[in-house]
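Student: Sequence:
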Amino acid sequence: MAVNHSPILYTDPQPLIEQTLKKSSSLHFIIRKSKGRGQIMGVVCYYGNQTKNKMVTRGNKYFTPGEVAAHNTHSDCWVSFLGKVYDLTELCQNNSGNVLLKPILANAGKDISHWFDPKTKDVKTHVHPVTGCIVPFTPMGRFLHVPPPFPRSDWSNTFGTPWWKETRYCVGILSGRTRKIRIINTLTLQEQVIEVCAEETMNEILQRYKVYNSHASSYTWKYFGNNLDMSKTLEENGIKDEGEDMYVLRLDEEEFLPPINLYFNDDLTEY
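For the sequence shown, the working numbering gives the first residue as 1, with consecutive numbering after it.
To be clear, the hints were calculated from the coordinates, so they are not data collected in a lab. Idealized CB from N, CA, C, for every residue including glycine. Don't take each hint at face value.
[Claimed, not checked] Below, simulated DSS-like cross-link-like pairs (lysine-lysine); rule was C-alpha separation at most 30 Å, straight line: (1) Lys210 with Lys110; (2) Lys84 with Lys232; (3) Lys102 with Lys124; (4) Lys240 with Lys165; (5) Lys121 with Lys84; (6) Lys110 with Lys124; (7) Lys210 with Lys84; (8) Lys180 with Lys232; (9) Lys240 with Lys121; (10) Lys232 with Lys124.
[Stated by the list, open to error] Ranges between beta-carbon positions, derived for each pair: (11) Lys165 with Tyr263: 24 to 30 Å; (12) Gly225 with Phe159: 56 to 62 Å; (13) Glu242 with Gly83: 22 to 28 Å; (14) Thr158 with Lys119: 23 to 29 Å.
Using the sequences plus the hints, can you model the full thing?
Tutor: See the structure below:
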């Protein structure tokens, strides 16, 4: 059965807790909430014998650098590299106190693509100046699962797959380009400026906007009077990103953000 992507809110840096909503002999529903404010981070349904490692906990697969940067502590550690976003919180907690965690924690919430070779997807290497052997290149300091440059009796490689190759830590894709848009609620005359990923569809942007208006699905979204196709991106709907042009012209981008107008549909729904 497909994962339900609809119940999703903005990034919450607080720890998550899982709560079983419904359970039968064959089908399970699990909701993940932030521990502090109880915000819903995702709903997952799966059949009996499937493992939790296959669960998807966010509806949006794209993340902005700002969202990643919000997860920058030992108890909530995310990093991005080579275009992917990884949640290393479990790794940090399982290896708490290990000195090899220091480089990872020092870069929590940041992009560490410069640690890895884009072709091999592995840690960069260099020729060791003393031994002449090819060893991992870690000028920031050796980090977890990277072998030492010399033979050592206290080094164990029984951890299995290195964390940077472990797909279960991957939570999504880092957006290649972000942009800001202005969303105007014509019913209440409220407006919000939000940062979105250029790769996201209007439906995914709608889920982001639900932080400000949980009833956003009951609105018709328009741009200069034209209904937007919610299955397409902003660019595909003819809403061009003029941020670079504004920069060249030395104009304030937020003064010229594309306005998206929301018109309320009285559909009598609660959500």
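Student: Compare the structure with each hint and give your call.
Tutor: Status of each hint after checking the structure:
no. : hint                           : result
1   : Lys210 with Lys110             : 26 Å, holds
2   : Lys84 with Lys232              : 22 Å, holds
3   : Lys102 with Lys124             : 18 Å, holds
4   : Lys240 with Lys165             : 36 Å, violated
5   : Lys121 with Lys84              : 11 Å, holds
6   : Lys110 with Lys124             : 18 Å, holds
7   : Lys210 with Lys84              : 25 Å, holds
8   : Lys180 with Lys232             : 17 Å, holds
9   : Lys240 with Lys121             : 33 Å, violated
10  : Lys232 with Lys124             : 38 Å, violated
11  : Lys165 with Tyr263: 24 to 30 Å : 48 Å, violated
12  : Gly225 with Phe159: 56 to 62 Å : 58 Å, holds
13  : Glu242 with Gly83: 22 to 28 Å  : 25 Å, holds
14  : Thr158 with Lys119: 23 to 29 Å : 28 Å, holds
Hint violations for this structure: numbers 4, 9, 10, 11, all remaining hints satisfied.
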